[in-house]
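One line per chain: the protein sequences are A and B, in this order. Taking my numbering as reference, the numbering of the first sequence is continuous, increasing by one, and the terminal residue is 243. Taking my numbering as reference, the numbering of the second sequence is continuous, increasing by one, and the terminal residue is 1212.
Watch out, some of these pointers could steer you wrong.
Said to hold, decoys possible - Just so you have them, the derived chain A footprint on chain B, three or more residues with Cβ under 8 Å:
1. 1101 to 1113
2. 1122 to 1136
Unchecked claim - Across the chosen pairs, the derived CB separations fall in these ranges:
3. PRO76/A / LEU1040/B: 46 to 54 Å
4. LEU1197/B / GLN73/A: 48 to 56 Å
5. ARG111/A / LEU1205/B: 30 to 38 Å
6. ILE1038/B / TYR15/A: 39 to 47 Å
7. MET1001/B / ARG89/A: 47 to 55 Å
8. PRO1021/B / LEU77/A: 18 to 26 Å
No lab work stands behind these hints: they were computed from the structure. Heads up, the beta-carbon is just placed ideally off N, CA and C, and yes, glycines get one too.
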Amino acid sequence: MNDFIYRLQNVTKVYEGRCVLEVESLKIHRGEIFALVGPSGAGKSTLLRLLNFLEPPTQGRIRFLDAEFSAGQPMPLAYRRRVTTVFQRPILLNRSVWANVSYGLGLHGKRDQTDRIEKAIEQVGLRDFTRQRARTLSGGEAQRVALARAIVLQPDVLLLDEPTANLDPYNVGLIEEIVQQLNQEVGTTLVLVTHNVFQARRLAHRVALLLEGRVVETADVETFFQSPGDPRTVAFVRGEMVY
Amino acid sequence: MALSLRVSGTALLCSTLIGIPLGAALGLSRFFGRRIVIALLYTGMGFPPVVVGLFVYLMLSRSGPLGQLNAPLIPTLFTPGAMVVAQTIISFPLVAGFTMAAVMGVDPQLRLQVRALGATNWQTTLAILTEARIGVIVSVIAGFGSIISEVGAVMMVGGNIEHSTRVLTTAIVLETRQGNFDLAMAIGVVLLGISFLTNVAMLRLQGRTFDE
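Start from the sequences, fold in the hints, and give me the full structure.
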């Protein structure tokens, strides 16, 4: 797999004088599930925001397909729309489930896609909730709506920011299954941020450990968990304190 | 009555067109001088209409800075156009101020998540205004309330001329002074009726969200 969808070079992000991210080099293959693990505050979510082109890096360049994103160079809308994120705490619009799922397509100027919307709602198992108002849903259901509104867009890359952090095992299982299916059947590239090493192990093809804004180690899932190269990875995988 | 509605309706339209974008901009972006603009806006929200009337009077009078220009777009004193200008100035700070508060009450995460779905800046703002719709409509109601009931400014710049610039409120003042209390009362009831019906219509705009 030499087909990179993302290539990051010397990317840094500074907030109010504090450097929260400093990635020398990171490459993400097309069609893989890439997990970013690390303790909270390691810069995982910041990195995802950069990968979704929501904020520009302070320095460095992010190459996405054949386009480039840097401080003075915003990502063209058409490229930005090929990536989307499912956040840890989904904020849904105060409308029905259907309206929430169809909303993104409307933004993209794609209307009358009833089949696609129905299919996405079906995929996340919320067919009986279609007309219900999104605010009345439980946490797990709301997160599944967030997942549906993302997959309905058929993005090239789906970024998942701790998508199951506050959910019960049933919903965790369901969401993991859906995203795995998405990766296998449609070939969507997934970048998963999690502090749960077990989840990374279950889902990912490759894993990177992020500590204090730096990538400590990137390896395929086997190597990462069986024979990691960096002592800090060893400690993190074993569940020992590394920070 | 028709004139009251026309003047206040036009003024409300103008202040909505100014106030909602201004309120959204103040609520959503951070720029140099924002605090000063907000302080001015808050002052404008409590501005005495008579003072606005005086200001517009001086500006539009034949020897005033705008009156001298004789430009086609600038209304002349003692016409409905002048009343619209005064009422717009009275009500747009209310619309902008309440819109700003409503927009700032929306979860900041929503903005990020809508952008992540591929929204442009314009679409993001629209989404936030829609989420804050109860507050935004309250802002328009407040703006309407401040001008349909207003006497001082319309009296000054309109002049209360029969069949030309006499509106419901100024008519009430006149009839009361002449001792025609029955007529004044009747006009008062009509004014209240208009106010009530307009607000019922606005409530409908807020939609089902109100029942939750």
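Hints versus structure:
For the region 1101 to 1113 of chain B, the stated coverage by chain A is satisfied: 5 residues place a CB nearer than 8 Å to a CB of that chain, which reaches the threshold of 3. Judged by the Cβ-Cβ criterion of 8 Å, the region 1122 to 1136 of chain B is covered by chain A as claimed, because 4 of its residues qualify and three suffice. At roughly 38 Å, the beta carbons of PRO76/A and LEU1040/B sit outside the given window of 46 to 54 Å. A hinted range of 48 to 56 Å holds for the C-beta pair LEU1197/B and GLN73/A, which are about 54 Å apart.
A hinted range of 30 to 38 Å is violated for the C-beta pair ARG111/A and LEU1205/B, which are about 23 Å apart. The beta-carbon spacing between ILE1038/B and TYR15/A, approximately 25 Å, falls outside the hinted interval of 39 to 47 Å. At about 52 Å, the CB distance of MET1001/B to ARG89/A agrees with the hint of 47 to 55 Å. Between PRO1021/B and LEU77/A the C-beta distance comes to about 22 Å, which sits within the given range of 18 to 26 Å.
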